[in-house]
Structures are given as structure tokens and as C-alpha cells.
Amino acid sequence: MLKIDLEEIASKEIAARKPNRIHCCTAAGCLSAGAEEGFEQFQKEVDRLGLTDTVQVAKVGCMRLCCQGPLVKVQIADSTNSPFPIEDKHGTIQNNNQIEILFHQVHAESAKSIVAGFTGQKVEAVRGDFQSPFFQNQVSVILDNSGNVEPERIESYIAAKGYKGLYQVLHHFSLDEVIHEITRSGLRGRGGAAYPTGIKWGTVAKNKSEKKYVVCNADEGDPGAFMNRSLLESDPHRVLEGMAIAGYALGSSQGYIYVRGEYPLAVQRLQIAITQANRLGILGTRIFGTPFDFRIDLRTGAGAFVCGEETALMASIMGQRGTPTPRPPYPAEHGLWGMPTLLNNVETYGNIAAIIRNGSDWFAGMGTQTSKGTKVFCLTGNVVNTGLVEVPLGTPIHKIVYDIGGGAVEGNTIKAVQTGGPSGGCIPAEMFDVPVDYDSLAKLGSILGSGGMIALDNTNRMVDVARFFMQFCMDESCGKCIPCRAGTVQIHRLLRKILAGSADHADLDRLEQLCVMVKDTSLCGLGQSAPNPTLSTLKYFRSEYESLLKESDSTQRINLPLLCSSAQMGNQEQLSAETKGS
Amino acid sequence: MESKETKLHQEVSSLAILESEIRKLQYRQDALIEVLHIAQNLFSYLSKETLRYVAKQLKLPYSKVQGVATFYHLFRLQPPAEHTCIVCTGTACYVKGAYRLLETVESWSGLQEGHISEDSKISLRSVRCLEPCGIAPVVVIDGKVRGHETPEKLLQELKGWFVNVKDRS
Amino acid sequence: MSVVTLTINQQMITANAGDTILQAAKDAGIKIPTLCYLDGLSAHGGCRICLVEIAGSTKLQPACFMKVAEGMQINTETHKLKEYRKMIVELLFAEGNHTCSICVANNHCELQAMAMAVEMDHDRFDYIHPPKEIDISHQRFGIDHNRCILCTRCVRVCDEIEGAHTWDVAGRGGLAKVIADLDQPWGEADSCTSCGKCFMACPTGAIFQKGDSVAQTEHPRNKLESLVMAKDKKQWHV
Numbered sequence: 007m008l009k010i011d012l013e014e015i016a017s018k019e020i021a022a023r024k025p026n027r028i029h030c031c032t033a034a035g036c037l038s039a040g041a042e043e044g045f046e047q048f049q050k051e052v053d054r055l056g057l058t059d060t061v062q063v064a065k066v067g068c069m070r071l072c073c074q075g076p077l078v079k080v081q082i083a084d085s086t087n088s089p090f091p092i093e094d095k096h097g098t099i100q101n102n103n104q105i106e107i108l109f110h111q112v113h114a115e116s117a118k119s120i121v122a123g124f125t126g127q128k129v130e131a132v133r134g135d136f137q138s139p140f141f142q143n144q145v146s147v148i149l150d151n152s153g154n155v156e157p158e159r160i161e162s163y164i165a166a167k168g169y170k171g172l173y174q175v176l177h178h179f180s181l182d183e184v185i186h187e188i189t190r191s192g193l194r195g196r197g198g199a200a201y202p203t204g205i206k207w208g209t210v211a212k213n214k215s216e217k218k219y220v221v222c223n224a225d226e227g228d229p230g231a232f233m234n235r236s237l238l239e240s241d242p243h244r245v246l247e248g249m250a251i252a253g254y255a256l257g258s259s260q261g262y263i264y265v266r267g268e269y270p271l272a273v274q275r276l277q278i279a280i281t282q283a284n285r286l287g288i289l290g291t292r293i294f295g296t297p298f299d300f301r302i303d304l305r306t307g308a309g310a311f312v313c314g315e316e317t318a319l320m321a322s323i324m325g326q327r328g329t330p331t332p333r334p335p336y337p338a339e340h341g342l343w344g345m346p347t348l349l350n351n352v353e354t355y356g357n358i359a360a361i362i363r364n365g366s367d368w369f370a371g372m373g374t375q376t377s378k379g380t381k382v383f384c385l386t387g388n389v390v391n392t393g394l395v396e397v398p399l400g401t402p403i404h405k406i407v408y409d410i411g412g413g414a415v416e417g418n419t420i421k422a423v424q425t426g427g428p429s430g431g432c433i434p435a436e437m438f439d440v441p442v443d444y445d446s447l448a449k450l451g452s453i454l455g456s457g458g459m460i461a462l463d464n465t466n467r468m469v470d471v472a473r474f475f476m477q478f479c480m481d482e483s484c485g486k487c488i489p490c491r492a493g494t495v496q497i498h499r500l501l502r503k504i505l506a507g508s509a510d511h512a513d514l515d516r517l518e519q520l521c522v523m524v525k526d527t528s529l530c531g532l533g534q535s536a537p538n539p540t541l542s543t544l545k546y547f548r549s550e551y552e553s554l555l556k557e558s559d560s561t562q563r564i565n566l567p568l569l570c571s572s573a574q575m576g577n578q579e580q581l582s583a584e585t586k587g588s
Numbered sequence: 074m075e076s077k078e079t080k081l082h083q084e085v086s087s088l089a090i091l092e093s094e095i096r097k098l099q100y101r102q103d104a105l106i107e108v109l110h111i112a113q114n115l116f117s118y119l120s121k122e123t124l125r126y127v128a129k130q131l132k133l134p135y136s137k138v139q140g141v142a143t144f145y146h147l148f149r150l151q152p153p154a155e156h157t158c159i160v161c162t163g164t165a166c167y168v169k170g171a172y173r174l175l176e177t178v179e180s181w182s183g184l185q186e187g188h189i190s191e192d193s194k195i196s197l198r199s200v201r202c203l204e205p206c207g208i209a210p211v212v213v214i215d216g217k218v219r220g221h222e223t224p225e226k227l228l229q230e231l232k233g234w235f236v237n238v239k240d241r242s
Numbered sequence: 018m019s020v021v022t023l024t025i026n027q028q029m030i031t032a033n034a035g036d037t038i039l040q041a042a043k044d045a046g047i048k049i050p051t052l053c054y055l056d057g058l059s060a061h062g063g064c065r066i067c068l069v070e071i072a073g074s075t076k077l078q079p080a081c082f083m084k085v086a087e088g089m090q091i092n093t094e095t096h097k098l099k100e101y102r103k104m105i106v107e108l109l110f111a112e113g114n115h116t117c118s119i120c121v122a123n124n125h126c127e128l129q130a131m132a133m134a135v136e137m138d139h140d141r142f143d144y145i146h147p148p149k150e151i152d153i154s155h156q157r158f159g160i161d162h163n164r165c166i167l168c169t170r171c172v173r174v175c176d177e178i179e180g181a182h183t184w185d186v187a188g189r190g191g192l193a194k195v196i197a198d199l200d201q202p203w204g205e206a207d208s209c210t211s212c213g214k215c216f217m218a219c220p221t222g223a224i225f226q227k228g229d230s231v232a233q234t235e236h237p238r239n240k241l242e243s244l245v246m247a248k249d250k251k252q253w254h255v
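Chains as they are written, first to last, in my numbering: chain A, 7 to 588; chain B, 74 to 242; chain C, 18 to 255.
Some clues are possibly wrong.
[Unchecked claim] Straight-line Cα separation of at most 20 Å, DMTMM-like style, residue types lysine to aspartate or glutamate; simulated pairs:
#: 1; chain 1: C; residue 1: K149; chain 2: A; residue 2: D481
#: 2; chain 1: B; residue 1: K194; chain 2: B; residue 2: D215
#: 3; chain 1: A; residue 1: K503; chain 2: C; residue 2: D143
#: 4; chain 1: C; residue 1: K76; chain 2: C; residue 2: E87
#: 5; chain 1: C; residue 1: K103; chain 2: A; residue 2: E518
#: 6; chain 1: C; residue 1: K84; chain 2: A; residue 2: E106
#: 7; chain 1: A; residue 1: K217; chain 2: B; residue 2: D215
#: 8; chain 1: B; residue 1: K129; chain 2: C; residue 2: E205
#: 9; chain 1: B; residue 1: K217; chain 2: A; residue 2: D526
#: 10; chain 1: C; residue 1: K76; chain 2: A; residue 2: D445
#: 11; chain 1: A; residue 1: K167; chain 2: A; residue 2: E14
#: 12; chain 1: B; residue 1: K132; chain 2: C; residue 2: E87
#: 13; chain 1: C; residue 1: K97; chain 2: A; residue 2: D515
#: 14; chain 1: B; residue 1: K129; chain 2: C; residue 2: E136
#: 15; chain 1: A; residue 1: K24; chain 2: A; residue 2: E106
#: 16; chain 1: C; residue 1: K103; chain 2: A; residue 2: D515
#: 17; chain 1: B; residue 1: K132; chain 2: C; residue 2: E177
#: 18; chain 1: C; residue 1: K103; chain 2: C; residue 2: E87
#: 19; chain 1: A; residue 1: K503; chain 2: A; residue 2: E552
#: 20; chain 1: C; residue 1: K99; chain 2: A; residue 2: D526
#: 21; chain 1: C; residue 1: K48; chain 2: C; residue 2: E136
Because the hints were derived from the structure by calculation, they are not lab data.
Excised from the complex, chain A in its bound form (with noise of 0.2 Å):
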């Protein structure tokens, strides 16, 4: 295999780029906005007005304030020599006299008259601000390269040290001190159940199998969540890269990314990248020329939420309806083909070459003392910024909400935020002082999840948020288990029935048991985790509930049991006319 020198390519990226940039974001949110169109704009323009020589427009990733796409990054090298009109406020300076201006909702018009700034005309377009709380109060680890790195071209990512991590592992770290410095950092999966990264690596590690799988669970179903989206359209290479580490350190040469079918762009990008990596040599068979061979291969989903789920999740893969089975045996013994299988989330395998690069210590350097690094968040509902936010864990929620988010839309108060999509719960604002890390929000009966963070404002009712969720884990559930698949269907129905004002205090308990339940005896996380939205709401906000009960109804019909034998059968004949005309 052809050896290839990282540095190499760096330098010749770097050397080819023109002084001034222009970043057009071409993550699906800007692009439903109209970047595409923007896109094409810039680059006619650019040629009409003859600036090929200085300006360069590009495809890039998310740069997170997605309510006010399509979003465009102006790249300034030289900002006191460039005709491009600057108000200061509105840049960031940064070194050697290099300048970013942010434009909002970027349409064919405003683009033409952004290319016309290079001629030093006066910029008709709507300025955004780097400088304002929603990007100061934020980290870039994660999301370091989306917005900078051009996803379609693995040369952008290789300049900005891109499967230098890989190259590093491949040559200087033996596969246990991989491990090591992975349960170093304390990384924890960032896929909801936040189990330490290392300790899983390790088991796989030591279960001695002639194959192994690497999974990456890129099945990102919550509504209202879309960080695993954001990376791969941004910077796809990351994950891959991450997943190669990982592969190294368990002995395993195949991995597999099971991506959401919805997610057309992100698997273009992925198919794209792995091409690339491929044949660069970085991904394939002996990889920077050392024995080491590793593929990977996409798995598209079909539209099925269970199949986040690990073991539906392997089900799908090998072409089954996606249907979860008990636990043990655990993937990490008996995974995929009965073989010992590795299954992370995308923003888990997203940290990995960053940590080999800068060390355990940088990473565990961030966070809390149980939640180390940083979490990618989707700030989504009734705040004023919505879009993807970074920020170290253990960050309190005011400041995503309030700070960050710029709180409720005008003349609203906030309510309380959900956190962990449909398996999680609703924090109320009074204790938004709650630091977000795994534990904290455990202790508040949500969870903090795979990131998912709406906003609630007095507009909502909090007993059609649960009745919401549980709708949804009611569609999504597989079937297989009875109760997830009865019990969501009771659960809403007795939602439904308070919201209909029809239900009593009776109703109110049996809604509770039944969640309880459902919770303890489903089969998988689906439904073990479907009460939680409810449960959580009935914690903090039960006089909302208690207001649409009605008074104790005695005369009410009971549902006398169906099995009598044949001597009470008149009886049962008229309850069953009885039941068909309910």
C-alpha cells in the first residue's frame, strides 16, 4: 500500500488556499433555507467580477445558529489591506490582522452584494455577530472543524490535522495504552447511557474472537435533536478517524456506521469520505503502511426509532426487522454475528482523535468530576437562538437557556426545558441551576440523553408535552414486548382522557402504576425509558395535571373481566355488545 505522508498534504492544502474565504454552511438545516442557491450565487459572482485569484467560496459544515440560515463565514487574511467594508464590532479579529464576519439568511441577492464587498461596495446583508453571548458563551472541540473544514474533501481535514490521531496510534501506542488513555480522559458515551468509553473498550479488548465489529450508532431519532446529523454533514472524516483508533485497539479490521435513513446528506458525505480515505490508503488495508487493515461499510436505516437501540440496532444491520432482545449477553460478548461487537455514538467517536492528539489530562481538563469534556447540544422550542450549541459539561442550564439561547420570545417566560428527547424528562426553570452533566440530571429524574434540549414557555401544556412523547414512543414501539406495546397505547389513552377533562382522580393513579410498570418490566430502553416524560412532568408540574381532573364519577363502568367460563355467558355477551359500542 502506498505510504502517505499527512504533513505533505497539509502543506499543499494550506499553500493552495486564496486569501479570502468565503464559508457557505451546506448542513441540511441551512440547505432546507436555501444555501445551495447562495452556494452558486457566490461562485458566479466571483467569477463575473474576476476575484478568483483572491476569493474562494466553499461548501463547509453547521456553524450552529441555525434559525438564521443560510448562514456565510467571510474569511479576511489581511483585514487592513482588503477593500471589503469592516465594522469592527461585528468581526473577530484575530491573528496577523485575520478577520470573520458572519452573514444571516444569506439568499441569492445579499450574496452578490457580499462578492460586490471585495470591489469595497457597501454590503447590503444581514450581519450576525460572533461576538454576541450566543457564540462567546460556547467551546469548539467537537464541532472545532464544522464551519472551517470543507466535509466533501478529505485534504481540508487532513489541514487541520486530520488522522494525524490514526497516525499517532499506528506508530507510537500499543493497543492497551490506546485503552489506557481513552479510560484516562473519562470520556463517557454520548449516546444517552453514558457508559465509560474505555471500560467498554476494554471488555471488547479482552473478549478474544478471530473477528470483532466497530459500530457507530449514528440512528439519531430523538425529535428535536440533530447533533449526530450536524457532525457527519459537517465533518465526517472525525468519526471515521475515531472509529479506526478504536478499531486498532480492540483487534478488529471491519466496522459498520448504521445511519438513519432520513438522513440522505449525511450518508452522501459519509460515502464520500470513506471513498476518499480509501483511497488514500488512510482506511483499507495496510493503513499508513503498518499491518494494521480496517473497512468500513454504511448501513442506511429505514425509518424505525427502536433501532437506536444496541441490539435492534444489530438486528437491522444484519437485515432483520429491528427488533431489540434481552441483554445479557451484551454486544461486547455477542454481538454482531454472535462476534464481540463495539457500539458507540457518532460525538463519542467524534472526541477520540482529538484526545489522542492533545492527551487524556486536556480532555478531563474540561468538565465535572464525573462528566468529562464537552456535549454538542440542540437548543430547539421557544427560544429566541435556536441551533446547535458546545459547551463543557457541567455548564447550568440558565446559561444554554437564558445566555446562550437569549430565553423566551417576546412577551413569553420559559417553563422548563426537556431534556433526552423521549426517554427523558422536563426540568422546570426554578432549577435551571443545575449544572447539565449525566448525574445531575439522573438525580432530576431526566437524563441528559444523546442532547436534545427544548425550550418550553407558558404557551405549552406540560400534559400535551408527556401526551406528545408518548405518542411518539407509541408509533415507534417495535411490538415485541407487551408492555411497551400496550402500555403506550393505555398510557396515551389515559393522557388523552385528562386532557379531554373526562378523567378522575382514579385515572390519574392508574396512569402512575401503569408508568411505573412500563418502566420496570419492557425489554428494551424504548420502553423502559417511554414513562419518563410523563413521570417527570407529574413530578414537577401535577397541578397542571390535577387542574383537568374532573370530581369522582361513582357511577362509572368498570370493565367486569372477559374470561368467565360458560355459565356466566349472557353476562359476557352483554358487556361484549357493550364493549363493541364504546
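Position chains B and C against the provided structure of chain A, taking the given hints into account.
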């Protein structure tokens, strides 16, 4: 209008493509979902004949292929409608009033969510999270994503589809 | 084979390492209730009736899947487990129409027996009972989807013992249903050998023999057990 012959021709060549794709996947039974994705792209939906063909090629039981095809929501077992309106009802869109959009279209068109109109021209669906949540509420009209949608804007857009539908207002 | 000791309901027992809790309990003469489980078929783990408590674990585990381990302390009859079992049965009765008095399997039904065993005297949940199809296209048998509890015994017995794999589950969640071949009338399913094993395995009146009237369907489970013995242990007439 396409002649019957061209249509038949197309189907024959699609089948040839499907066959070669299955061969590329080495007739692996665990590639069933990949094969169904390919088949749906070629034929726009999964007919009984297609499922039967796939089962035979991969040497899988019919019921298993049917079971997998019906488990995943992205697989269509009916021909798609000419026009589709998909309202996202994910959390962010829900919080921002997605159901108002859905109700507006439903009451205006007389078409229920999840249904296809009688002439199989229009389909109205909801979907859980398309995930450009930053621009919620989101609607997809014939494949084009539209953000910050309002009932008024949406009706304006859909009016052309319902020329033959009686004005229900 | 190595042997482990453990306790079930404070009773000390020994079991073969590698056995499931259910197997170990059965060998020791302790009955753990089950619904989807059937001897000779792979475990399904869907009904959750056989969940047990294991000391030191917060999670309930299905006895049909969970393997025994040295020193395990298992409880199968706690108040919580009994309450949950009852609720599960109530959920099933609320989900589909299981009116026993007009069912072919009345008095020969495992769901009915289970309901009595858990002392279900009323159903706390709303009956949903959506009308479901009854397929009597097969020459000898019929399937009434209203009575089906999706235990998948028919699917497993057809695949694992007969080898035909006529049955599978289609759809998902509350809309999941057992189908023959490409979701076609059973009588038109080419792969069906009409062996009747699905009928032998069915716990309720869902799969029945044609011509049977109310309370007449008895699933010949012993026939199936003999088949399994013959297949697994090479022993006949047991």
C-alpha cells in the same frame, strides 16, 4: 403520456439493474434492507412482485421479506402519490405549532393525515422530525423543505393541487 | 458440565452452568409462569410474564433468557412481580378481544388460565378491541387475529421445527400482526405444509381447527412435545 411499451421497457431494465446490484452484494441474506432500498429507488415502491423477486434472489422466506419491509416506515408498499405534503411533527415543530399546520390542511382539503386522495394524486403525511429544527415548524412539499411555515403560507402553496377539489371554506 | 448453586424463593437448588433460570427452576420443581415461552423453541422474551427479581440487580430479568450464576438469589413471587404480571394480563385483555365465552379455546386457553392464576377480577384499562381479520382460507385451520397475543410461537415452531417459515410478524407496535408468506390468505401461502404445528403451539384460540365450536379447540401440545423430544433427544413414545 408514456406508452405501455416504454413503461415495460423501463421495468425490464430496472429489474436488470436490481439483479446486478444483488449480485454485487453477493446474494447475502443480511443485505436484505440494502436490497429493499435499491429496489424502492428503482421501482418507486415495493410491490408484491418485487418482494417475491427479492425473496427468491436472496433465498429468504416470503414472510420474512414482507416482515422486514413492513417494519421500516421508509419502505412504501403502495405506489406513491403525485404530490406529497409532509408536515414535520417532531418536538421542535410541535412546540412551534406543527399541529395547527396539519389541522389547517386537513380541514381545508378534507384529506386526513396519513391518507392519499381518492384519485391517488395527493398524499398528506406527518413525519417525526426531519431535523432542521432550527427553522421549525417545517413542511416538505414535493421534496422541497420549507421552514418557519405558517398556515396561511402553506395553504397558498397547496392551492394549485386542489383545483378540482371543491372549495370547502 | 459444571454445576452452580443458587436460591430461588429462598430454596437452595443446584443447576447446570449455562442453564436459564427457567430451566433450573423447572428441574427443581419450581414453577415460573410463562406465556410466550414454549419448550423446544428458542426463547422470545416478549411477554415479560417470567420476569424475576435477582438480588443485587435493579433490573427485572426474563427467566427464559437469563442464565444462572453461582450464588444467585432469585425471587419469583414478590408482591411487585405478581402485580406486574396481573397488569400485563390486563393489558392483553384490553388490547385485543379475548371474550372467552364465545371462544373456541374456552377452558383450554393459556391466557385464560394465566388470568385466573394472577386473580384478575377486572380490567383497569379501556378495552380497545379493534376489529381484526379472521382468515379461514386454509383447508384445515383458521386464524383469528383478534385472539392473537403475538407470542410468536407459531412463527418459531414453523421456522425451527417444521422448517417452512410460513409465518412471520409484519408491521410494528400495536399494528403488528402474524402473516403467512407475503401477507396473503393462509390457504394461498405456498410455503405452508399444513403440518398443523402452529396450531399445536398456539396458546389461545387464535389458531384453531376448522369445525371446532365454542370451547372445543384443544391444542394437542403433547404431540408437539413428542416431536421436540424426537428431534432433540432422539427419543420416541416418551
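Hint check results:
A hinted pair counts as satisfied when its Cα atoms are at most 20 Å apart, and C:K149 with A:D481 qualifies at roughly 19 Å. With a C-alpha separation of about 12 Å, the suggested pair B:K194 and B:D215 falls inside the 20 Å cut-off, and the hint holds. Taken as a hint, the A:K503 and C:D143 pair is honoured in the structure, with Cα atoms around 11 Å apart against an allowance of 20 Å. Taking the CA atoms of C:K76 and C:E87, the gap is near 18 Å; set against the 20 Å cutoff, the hint holds.
Between the alpha carbons of C:K103 and A:E518 the distance comes to roughly 16 Å, so the proposed pair stays at or under 20 Å and holds. With a C-alpha separation of about 61 Å, the suggested pairing of C:K84 with A:E106 is violated against the 20 Å cut-off. At most 20 Å may separate the alpha-carbon atoms for a hinted pair to count; A:K217 and B:D215 exceed this at roughly 45 Å. Of the supplied pair hints, the one linking B:K129 and C:E205 holds, its CA atoms being roughly 17 Å apart against a limit of 20 Å.
Straight-line distance between C-alpha atoms of B:K217 and A:D526 comes to about 43 Å, which puts the hinted pair past the 20 Å bound. For the given pair, C:K76 sits about 19 Å from A:D445 by alpha-carbon distance, which is consistent with the 20 Å threshold. With a CA separation close to 12 Å, the supplied pair A:K167 and A:E14 stays within the 20 Å bound. This hinted pair does not check out: B:K132 and C:E87 have alpha carbons roughly 43 Å apart, beyond 20 Å.
Of the supplied pair hints, the one linking C:K97 and A:D515 holds, its CA atoms being roughly 16 Å apart against a limit of 20 Å. Between B:K129 and C:E136 the CA atoms are separated by roughly 49 Å; this puts the pair beyond 20 Å, and the hint is violated. The straight-line distance between the Cα atoms of A:K24 and A:E106 is roughly 15 Å, inside the 20 Å bound, and the hint therefore holds. Of the supplied pair hints, the one linking C:K103 and A:D515 holds, its CA atoms being roughly 16 Å apart against a limit of 20 Å.
Annotation: proposed proximity of B:K132 to C:E177 holds, straight-line Cα distance about 17 Å (limit 20 Å). Between C:K103 and C:E87 the CA atoms are separated by roughly 30 Å; this puts the pair beyond 20 Å, and the hint is violated. A C-alpha spacing of about 13 Å is found between A:K503 and A:E552, which places the hinted pair at or below 20 Å, so the restraint holds. With a C-alpha separation of about 13 Å, the suggested pair C:K99 and A:D526 falls inside the 20 Å cut-off, and the hint holds.
Annotation: proposed proximity of C:K48 to C:E136 holds, straight-line Cα distance about 17 Å (limit 20 Å).
Against the hints set out earlier in the document, violations occur for numbers 6, 7, 9, 12, 14, 18.
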